[in-house]
Structure formats: C-alpha cells, structure tokens
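S.K.: Protein sequence lines, in the order shown, are assigned to chains G and H. Mapping of the first sequence onto this note's numbering: position 146 corresponds to residue 146, and the numbering continues sequentially without gaps. Mapping of the second sequence onto this note's numbering: position 98 corresponds to residue 1098, and the numbering continues sequentially without gaps.
No lab work stands behind these hints: they were computed from the structure. Take the hints with a grain of salt, since some may be wrong.
Using C-beta positions, here's what the derived DEER-type ranges look like [unchecked claim]:
no.	chain 1	residue 1	chain 2	residue 2	range
1	G	L26	H	A1161	28 to 34 Å
2	G	E47	H	E1214	50 to 56 Å
3	H	R1118	G	V142	17 to 23 Å
4	H	C1262	G	D13	33 to 39 Å
From the three backbone atoms N, C-alpha and C, an ideal C-beta is built for every residue, glycine too.
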Amino acid sequence: MAKELHLQTPLKDDDLKELKIGDKVLITGIIYTARDAAHKRLVDLIEAGKELPFDIKGQIIYFVGPAPARPGMPIGSAGPTTSYRMDPYSPILLDAGLKGMIGKGPRSKEVIDSMIKSKAIYLAAIGGAAVVMAQSIKAAKVIAYEDLGTEAIRELKVENLPCIVANDIFGNDLYDEGIKKYKK
Amino acid sequence: MREIDVKEIIPIVKKLCIDASIYIGDDVVEKLKEFQEKEESPIAKEIISIIFENQRLSVEKQMPLCQDTGVAVFFIELGQDVHLVEGDFYEAINEGVRQGYKDGYLRKSMVDDPIIDRKNTKDNTPALIYLDIVPGDKIKITLAAKGGGSENMSEVKMMKAADGIEGVIDFVVDRVKRSGGNPCPPIIVGVGLGGNFEQSALLAKKSLLRSLNEKNPDPKWAKVEDEILEKVNNLGIGPQGLGGRTTAIAVNILHKACHIACMPVAVNIQCHVHRHKSAVI
Chain G
1 MAKELHLQTP
11 LKDDDLKELK
21 IGDKVLITGI
31 IYTARDAAHK
41 RLVDLIEAGK
51 ELPFDIKGQI
61 IYFVGPAPAR
71 PGMPIGSAGP
81 TTSYRMDPYS
91 PILLDAGLKG
101 MIGKGPRSKE
111 VIDSMIKSKA
121 IYLAAIGGAA
131 VVMAQSIKAA
141 KVIAYEDLGT
151 EAIRELKVEN
161 LPCIVANDIF
171 GNDLYDEGIK
181 KYKK
Chain H
1001 MREIDVKEII
1011 PIVKKLCIDA
1021 SIYIGDDVVE
1031 KLKEFQEKEE
1041 SPIAKEIISI
1051 IFENQRLSVE
1061 KQMPLCQDTG
1071 VAVFFIELGQ
1081 DVHLVEGDFY
1091 EAINEGVRQG
1101 YKDGYLRKSM
1111 VDDPIIDRKN
1121 TKDNTPALIY
1131 LDIVPGDKIK
1141 ITLAAKGGGS
1151 ENMSEVKMMK
1161 AADGIEGVID
1171 FVVDRVKRSG
1181 GNPCPPIIVG
1191 VGLGGNFEQS
1201 ALLAKKSLLR
1211 SLNEKNPDPK
1221 WAKVEDEILE
1231 KVNNLGIGPQ
1241 GLGGRTTAIA
1251 VNILHKACHI
1261 ACMPVAVNIQ
1271 CHVHRHKSAV
1281 I
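All chains, full assembly: derive it from the sequences and hints.
M.R.: Printed below as a string of structure tokens:
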C-alpha cells in the first residue's frame, strides 16, 4: 500500500529522500503557478542573467492556469495542465534550484535526468479534478506577468494539496511502471 | 418562413457555456461507474472516485469541472425555413460566449495569433462555428467545449485503401498509445473516416456528439468500435496514464463517402470532462 506523506514548502533534500513513486503526498505552504508562456519568460530571464520574480530555490511550480475566482473565493477551478509542454524549460529551472513540479502526464528523459541531478521530484495531480484541487488553495495572488491573464505567475497558499509522486529523486517513473504492470 | 431575432440566441448560448462546464452528462457518469467496477488497479479505482467527487463538488460550488473550460465549438443545425433578423448570427453566438465565460467565471483560453503574438483575447472568443442547413424552421445549437490537452493528442492521417480496416484500427490504437497520460484518460476516442482531409477531422469531432450509451447504428461499425475499445484498454495506460484497465470508456466512429484514391482517418481525443450541451430554438 502506498504511503501518504505530508510535505512542507520550501522543500529540503531530506524531505525527498523517503519519497517513492506511487506515494501520495499532501503539500502545505507556498507554491507558484506557471504554464507555457510564463516558463518562456522565466527561462529568458535566466539566460539573460537577470533575477527571477520569486526565489526559486527549494520551491514547487504547479503547471496550472486557473479559472477566475468567484467573489469571496481565493481561486477558481485549478487542475493541472499537461506537463510535456514545459519539458524544454524545466531542466533550466531545475538547475536554478527548483525542487518540485506538479502537473499531469509523463516527462521527457531529459527532464527525468535533470531531476536526478537536482534531487527534485515531479508530482502528478488528477487532470480534470480541478474543483477538488481548488479546495486546497487558501489564497492566491498574481506576482508576475499579469498581462498573461490565466497564465500569469501566481503565488498560492496551499493546505494539503493532494498529489501522487510520479518521478522520485532516484529516476523511477510511475507512468512507465504503471503502464508496464497493466499492459496485456 | 419563421423569423428569429438573433438576439434571442445570446442568452441561450450563454447558458449552454455555463451549464456544459459544470454539469457532466449522465452517459459519462454511467460509463465511468461501469469501468470502475471492472478496474483492477487500486490507484485507478481511486482516481475515478476523485473524478466523481469532482463532479459532485462542481455542482455544489457552481465551479467548472476543469479549469480548462475549452474552445467553444458550435455545431449549428439551421432550419432552411428560418429567417435570421436584427443582426449578425455569428456575432450573436460570440456575444453569448463572451457573456457565458465572464458571468460563469470560466477560463478565457483563446489567443489571437496562433504562433507569433499569442495574445489572449480575454473573452474566449472567437468561437468555432460549424453550420449545417437542415429541413424545418428551428435552430439546434450544440456546444462542445473542448480542452486543449486532449485536442493536442489528435491527428489526421491520409491512409491508403490497401491499409484496410486493420490499418485503421492499428493507427487509432497507436494514436492512443502515443498519447499516454497526456490527454487526461479515461478518454473517449472520436474517429472520423472518409470525406476528405478536412472533413475527416470534422467527422471525428462530430462523432463525439453521440451519447456514450448509444451504439453505432451500423452493426459492422459498432463491431469495429468494440474492437478498438478492447485494444485501447489492453494498452494498460489507465486513468491519468498511471496504469490500469480504464484508458478509454468509449470509441465513437462517424464515416462518410470518399474519393477512390483516398482513405482519410482522423482521431479526436476527448478527456473525461466530456462537455456537450444542446438547445433548440
């Protein structure tokens, strides 16, 4: 039976040593949102030697473009977007200190190798379970790139955000293992 | 001849946009239940339970099932005895989308230029509108709100007659295999066969309008659908691509006549947030 573990951000190397693919984790703390357009801008900043709009060391980026919040709510529906579109950018952010990513769908070999090198993890959230995910988001504010609308970078305060470990720091891949197990 | 004021269309389209994003069809729920019972993987069973919980919360909180509330795709059946008056029909649909996505707190996901500028239009327009003229004096408006993740896993292939039905089945199954966990399985596989290059893709999208509880009216195609569904679910991809038996809950095929030299095949992948709503004026 898979374990259920609590993770507090920012992440430390010790927090990630025990995690194995298939483990359920509940994340509490501050995380940041970014999708395609914001990733491009972040990587452009790194390549130009400029400062990022937030300290990326030990942080988690959630690949999400949320729906607008209803009045009185911190955020609208907020499930993961498909991660492979971020594959060209993720190794550069991992080199800069990023420790975790939340999304859906498998990652490229380059990203998995980069996660081993940076001792970082990739967490799967349930695509299409966007109202469930929003229940764990207690506050949200745009901290960069407001012009991108839903694709702006948001700082999210989360409590027990539910995810599954899809890639651990040892290079294991739940997408690969899971499919092998049930293939006929 | 029946006159219809295009302004009547605006609130109807608005309601379709909001309702489709919140209320999932009974056919999807029934299919998911049926597959959850047969599912062997514990993690897959749990994911389907979370999908049910999400459907319940969506109605309770009046929040869209998925943050990606999609491109608003419309299939219009316009009665030939209808005379549209007092404005532009397409603009009325776009105004309905604008109001629905604003007042329903739905995500605006359209960019004006696909490659260079990619600037968000901020109101989810333009809608994609396909029009069929039919007998009668009514208008049937069907909205298919289509998310980007599953759309990206779709493909058109110009096959040759020698590839036969086996070639078609292999291509469809391979398309699902290459999609893995990306399109948010459990999925519905829409297949369009025949027509031309452009029509096959439209047929694939239209095939998804058929209720998941209805079999293909042609028994020989119903058999092909069953065969593809079985092969797809033997891939082991499972819900979210994390392994399991429930990769697809249905395969829908729509076919049309085609040129003697051609055999166009299109696959349109639909995620489990399968949003379709219709209204008749």
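S.K.: Look at each hint and say if it fits the structure.
M.R.: Okay, the hints, checked on the actual structure:
1. L26/G / A1161/H: 28 to 34 Å: violated, 55 Å
2. E47/G / E1214/H: 50 to 56 Å: holds, 53 Å
3. R1118/H / V142/G: 17 to 23 Å: holds, 19 Å
4. C1262/H / D13/G: 33 to 39 Å: violated, 58 Å
Against the hints set out earlier in the document, violations occur for numbers 1 and 4.
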